[in-house]
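Undergrad: Sequence:
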Amino acid sequence: MKYRKWALEKKLEILASGEQIGIVETCCKFGVSTGTLYSWRKKFEHRGEAGLKVIYDIKSKELKAAEEENRVLRKLLSDR
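Residues 10 to 89 in this note's numbering are what the sequence shown lists, from first letter to last.
One or more of the hints may lead you astray.
[What the hints assert, rightly or not] In the SDA-like style, the derived pairs of lysine to any residue whose C-alpha atoms are separated by at most 25 Å in a straight line are:
#, residue 1, residue 2
1, K52, A16
2, K73, G57
3, K14, T35
4, K52, V63
5, K73, R50
6, K62, I30
[What the hints assert, rightly or not] Ranges between beta-carbon positions, derived for each pair:
#, residue 1, residue 2, range
7, G60, I32, 17 to 27 Å
8, G57, R13, 15 to 25 Å
9, G31, K84, 55 to 65 Å
10, K73, E34, 21 to 31 Å
Just so you know, these hints were derived from the structure itself, not from any lab.
Glycine included, every Cβ here is placed at the ideal spot set by N, Cα and C.
Sequences and hints are given; from them, build the entire structure.
TA: Shown next as structure tokens:
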């Protein structure tokens, strides 16, 4: 199955739907696996909305910047 990023608002909508119509029906309706839905629910119960926010993009950008900096520094050291 394809990896998909869900917006915070959509995750909250899906969680609310899970409470109203049930997990299985919600998963079928939105195309979310039951494991994902249970994971979101657990994160929401422990950390609230902050637990559902997507931080992948931020870390990915920071990681790319750090890798580029390392590449430049290694090149400078190898030129000595």
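Undergrad: Hint by hint, note whether the structure agrees.
TA: For each hint, the structure was consulted:
no.	hint	in the structure
1	K52 x A16	holds, 15 Å
2	K73 x G57	violated, 29 Å
3	K14 x T35	holds, 17 Å
4	K52 x V63	holds, 12 Å
5	K73 x R50	violated, 31 Å
6	K62 x I30	holds, 24 Å
7	G60 x I32: 17 to 27 Å	holds, 18 Å
8	G57 x R13: 15 to 25 Å	holds, 22 Å
9	G31 x K84: 55 to 65 Å	holds, 57 Å
10	K73 x E34: 21 to 31 Å	violated, 40 Å
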